[in-house]
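A.B. asks: Let chain A serve as the given structure and place chain B on it in line with the hints.
Number of protein chains: 2
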Amino acid sequence: MGLDALFSPRAVAVVGASNRELTIGYRIIENLHEFGYRGPVYPVNPKGGEIRGLTAYPSILDTPDPVDVAHVVIRNKYVPACVEDCAKKGVQAVIINTAGFREIGGEGAALEDQLVEIAKRTGIRVFGPNCQGIINTDEKVRAYCNFTFTRPASGNISIVAQSGGVGEVIHQRIAELNVGVRQYASNGNACDVSIPEIIQHYGDDEQTKVIVVHIESLPDPRAFLEAATEVTRRKPILGMKVGRTAEGAQAVSSHTGGLVKQDTAIELIFEKAGIVSFRNIEEMCQAAIGFASQPVPAGNRVGMIANTGGPAIIATDELVEGGMVMPPLSRQTETTLREKLYPEASINNPIDVLATAGPEHFAAAINALLDDDGIDAIFLNFVTPFFVDTLGIAHEIAGANSRSRKPIVATVMTEKTGWAETLKVIRDGGVPTYDMPETGAKVLTTMGQYAAFLKRPAEHPVSYSDVDAERARSIINVASDANQSCLSAQEDYELLTCYGIPVARYASAGDVAECLAAADEIGYPVVLKVDAESIVHKTESGGVVLDIRDRESLREHAEALAGRFAAAAPRFLVQQQLSEGREVIVGAKEVPGLGHVVMFGLGGIYVEVLQDVSFKITPLTQREAREMIESLQTAPLLTGVRGQTGVDLAALTEIIQRVSQMLVDNPEIRELDLNPIFALQQGATAVDVRVLI
Amino acid sequence: MGLDALFSPRAVAVVGASNRELTIGYRIIENLHEFGYRGPVYPVNPKGGEIRGLTAYPSILDTPDPVDVAHVVIRNKYVPACVEDCAKKGVQAVIINTAGFREIGGEGAALEDQLVEIAKRTGIRVFGPNCQGIINTDEKVRAYCNFTFTRPASGNISIVAQSGGVGEVIHQRIAELNVGVRQYASNGNACDVSIPEIIQHYGDDEQTKVIVVHIESLPDPRAFLEAATEVTRRKPILGMKVGRTAEGAQAVSSHTGGLVKQDTAIELIFEKAGIVSFRNIEEMCQAAIGFASQPVPAGNRVGMIANTGGPAIIATDELVEGGMVMPPLSRQTETTLREKLYPEASINNPIDVLATAGPEHFAAAINALLDDDGIDAIFLNFVTPFFVDTLGIAHEIAGANSRSRKPIVATVMTEKTGWAETLKVIRDGGVPTYDMPETGAKVLTTMGQYAAFLKRPAEHPVSYSDVDAERARSIINVASDANQSCLSAQEDYELLTCYGIPVARYASAGDVAECLAAADEIGYPVVLKVDAESIVHKTESGGVVLDIRDRESLREHAEALAGRFAAAAPRFLVQQQLSEGREVIVGAKEVPGLGHVVMFGLGGIYVEVLQDVSFKITPLTQREAREMIESLQTAPLLTGVRGQTGVDLAALTEIIQRVSQMLVDNPEIRELDLNPIFALQQGATAVDVRVLI
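The listed protein sequences correspond, in order, to chains A and B.
Residue numbering for the first sequence follows this note's numbering, starting at 1 and increasing by one per position.
Residue numbering for the second sequence follows this note's numbering, starting at 1 and increasing by one per position.
What the hints contain is simulated information worked out from the structure, not anything from laboratory work.
Treat the hints with care, since some could be wrong.
Ranges between beta-carbon positions, derived for each pair [stated by the list, open to error]:
#: 1; chain 1: A; residue 1: G2; chain 2: B; residue 2: K340; range: 43 to 49 Å
#: 2; chain 1: A; residue 1: E559; chain 2: B; residue 2: G640; range: 34 to 40 Å
#: 3; chain 1: B; residue 1: K424; chain 2: A; residue 2: D4; range: 41 to 47 Å
#: 4; chain 1: B; residue 1: R670; chain 2: A; residue 2: V609; range: 47 to 53 Å
#: 5; chain 1: A; residue 1: R456; chain 2: B; residue 2: G430; range: 49 to 55 Å
#: 6; chain 1: A; residue 1: G418; chain 2: B; residue 2: G430; range: 26 to 32 Å
#: 7; chain 1: B; residue 1: Q332; chain 2: A; residue 2: D4; range: 51 to 57 Å
Only a predicted model underlies this, so the values are computations on that prediction, with no experimental measurement involved.
Yeah, the Cβ is synthetic: ideal placement off N, Cα and C, and Gly gets one too.
Extracted from the complex, chain A is given alone in its bound form (with noise of 0.2 Å):
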């Protein structure tokens, strides 16, 4: 239980606390108290004295046992030291508020990496520096640990955010919705306590039923991976990732003062661990509170129910495009409705109970549903006319809910001041409630996605046990014992070769009189192609000959290479020359702290112009080497299409998967592309690859 100390402290120190009103120092004494802090509070200032009523001690030493959290709000040079004296007092977490850290460089960056060494060497966990702190709406703890402003309700929510600014926009909007946060926290720079430990945190604490996470850059991506991995099977985590644009990367860089390298790689992150991702804050957090309220549905089956047309139209649009379905209704549904419905209303899905419909409609047509083994998640498009009992309805539907075990979302279009009742009714009764159809309707496919996530089996990557790691090492090692920036052509199809990857024909040949038995060996027509580490772009510069139908014209050729390239002293690597197939690439690229990307699409135009790839994180499982088959929009031409047959699908997933085998095994390959791999009708074979150590 890492972190327990810190979310829950016994004592809170504040180490740099001041009377004066408009600081941190004060500030943070004074939200302990409002908050209901439920142990003691120690300000700590060399002057003594006493601090909004408490005795303020001249040195954290001086304060008595237990201690488990110290805020340190003093000068950014003084608190290396300070952190140190808590170490030896015993405190468990400091919370550096202070700023002028790494964000600035030079001297800041220097001073963190203090910090980092002081916990490294004596245990004590540091949050931050130059951020906001944690809080733990807990009733036996009630921990403000934070200069903000935002008073949350007891909720089931729990945030982790990076940015602060972004963090309180986030908490100070689930706090305007009347909805309720378990913990926060916002760690700033991070140097120590981490989101994937704060996330692991969250997902071991009983009460918190959904994690919101905002994320600028992964300092550790693969530590967020298996955090977020192991949590999403438990309860939903959604994320949001900002600095998708350059320009938007460029201000993450200048805020935190850290290189973004792995901006693309967030999004596959967040999809192999199964987060849920947004773009948005204001739709993270509405669906943060579907999520905190409702059971997750089965499927993503949803029958809607109306008083007017406009917004439901609205909501399905949202619906249907976001991949919830809009079944028809069961016929025994449909039955009841038409009995206790008015004759008028519209048995359909949407059902349209009319404007005039009153407590009892609106309760047959919730119960018919919630009845009707079709539908898994209840939409309600509520607009509340004058001359209906909208209290009654209110009631028919927290009721309704109250007895559900099918998720109900609801859009109350309404006047909030004269239908004050009526709202509250309905979230008191924990109904998500919205003000806009296509906000529902955006929170339950929110809720559909998760449901589809946790249905995906949890399936391991294939160990092929045919291949040769050993061989394939030696011949790594080799290349990295010679400083070899990339392997030769014969050590690049022996690689693959070793882990049962398909590849052309091929042999190495020393002179021409080899090349000549090489191509009687392997058959005509070859390819020839120079071999030498000093020639890295063999095609551009001419050391590639294609399709050599004969002795003589192989003969001719080699000759001619042997003279062109004599100064790099080359081999030859002689080739089965290959036509058929559509062509299809794999390639990988390291990326640090994760492992590899790999990336699979069409060769030619359809990736240099269409750009038309996917890409997934080391190591995949079949379904993920199927699905960056499936998901291309090309996929149609590997599938079939117009007629044709498709291309071999097992064998190029069977080449991926070998691939990342390969990959996971040799974490010194840098890059990697087989280009292009002939796809058949039967099975699939590299015709080129180059691969970067």
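C.D. replies: Quick look at chain B alone, frame taken from chain A:
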């Protein structure tokens, strides 16, 4: 000034007035009173007596003169007779709130037809039926001819919504955000007074600064396109079309009782008319608020000021993804800012003035951007730290806005109770203020889109003078008179030739000998096609032979076809065989009530697998024709890629425009397919064509 009497009635009658509070006949009178309607209100009820303190008249004919607007809230079957009476009385417009007309089909539709007939015959205008009504906040009018609950403040946003439910949601949301409305209309079944007319009315209303439109279906799309096109040059129209998905369209259809034919066309209409398109009510409302209070920017260059980094990054992503740019600051601006901001402030775009920045820092940053000629609009990201003078900052923002001719949009992230005064000062200063960085950024992006539209030169379609329109008409007339549903191959090619659209050389032949003579003239290789109206699918039925290289071969094939299709007594078409060039397609389809939608795309898999095609409505300008080509994802295959020269774009642009001219001249054409056209480095030639009439 067609709808002036409707929107500014001198007196209002309510036929079906009632003393029962929960009826529409009571509610409208209450609304008129509470909203401060300036004219007299005449309740009409056969029982006479007094209603809400007013004398009730037994019939509309008994009311004192003049009555401009009469609400009709009596049972559907009594409505036509009542409207006759209203016409007799000299009422200018009836607002029929009663439902039970076209939306219930059968009898209701017949009643609605009667209303249309009365309107045509007597000149009375019918608003509705099955509708809410209108609102006019003008101080001299204060007409609340509507039964709903939103009480708008006066402002300069005018709203028209087909759906009353959605109209109310829009209206309510704008009111909730404390922004004023100018006029409001929701016309339900819209049997007479139409949305295009209302748009025209708002366009002519000087106090209306921005128009918000919600549409479910368009009975007269051409009238809508023309009205909108005329208005958007003067003021922005923000539009939302629902029923985008099949399920949504189905819901529209069961809601309005009308068929939805022109779904995809509506987005094209919006685009052609310069309507800013939304998929989301909330975003449309927020944008309306921006347009209502700020000038349109001169361009898309945004300068951003922030006092915390995180939200600025989110806003940057949103702006840049929406097509705005965030240019570097001018040298002068940098110098000024270095002098006036904190030394640690970030002098980039976004400018980070730091959380500790006070009024003078914000003022300096805003003024520097107002003076920077490289900046068209200012975006503020303002979090309210407790330790700075936020009220002072608010006054600086409001003050700058009053002097500014550039739009200023602000995101103010705060706790709205504690900082109510700060918020109020900014809002009262006329700066549109949003809770979320992404929301404000989207609004500014929308304003940039409208600015880009205003910059489009007003361009007219080219009218080619070398066309033989008369000959073309006679071809179509002859075919029409013969009840042909498609033209013969010869007619197809002749028609294109009349419009100067290059086609592969061809000749019509009556028998084998004429085929041979024609081929001698054209030159081998040739294509041979049977040509008879009864043979529709020539290729599928084996009626087309490609690549005939000599006389022997041609004779053989011609004889074979003559035998095979003897029953149809066909003629033949002999055509030059072309093979070079990039295959493209130009197609067109009639959209009833609108004209034609023209399609352009690359042939083969690009259209079939990638569905990468573009659409636009006739008549097409040169810019539009060019955009059809350039907007394709596969456009690089035409403009040139991988070192290949592109095709003759001017030739393709001209073909598209000539097709447009042909379609406008010949509305009988139901469908047209030039597939393929071979596009070359020089020129482009249609090699197959099919015209349905």
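A.B. asks: Taking the hints in turn, state whether each one holds.
C.D. replies: Against the structure, the hints:
no. : hint                          : verdict
1   : A:G2 <-> B:K340: 43 to 49 Å   : holds, 46 Å
2   : A:E559 <-> B:G640: 34 to 40 Å : holds, 38 Å
3   : B:K424 <-> A:D4: 41 to 47 Å   : holds, 43 Å
4   : B:R670 <-> A:V609: 47 to 53 Å : violated, 34 Å
5   : A:R456 <-> B:G430: 49 to 55 Å : holds, 51 Å
6   : A:G418 <-> B:G430: 26 to 32 Å : holds, 29 Å
7   : B:Q332 <-> A:D4: 51 to 57 Å   : holds, 55 Å
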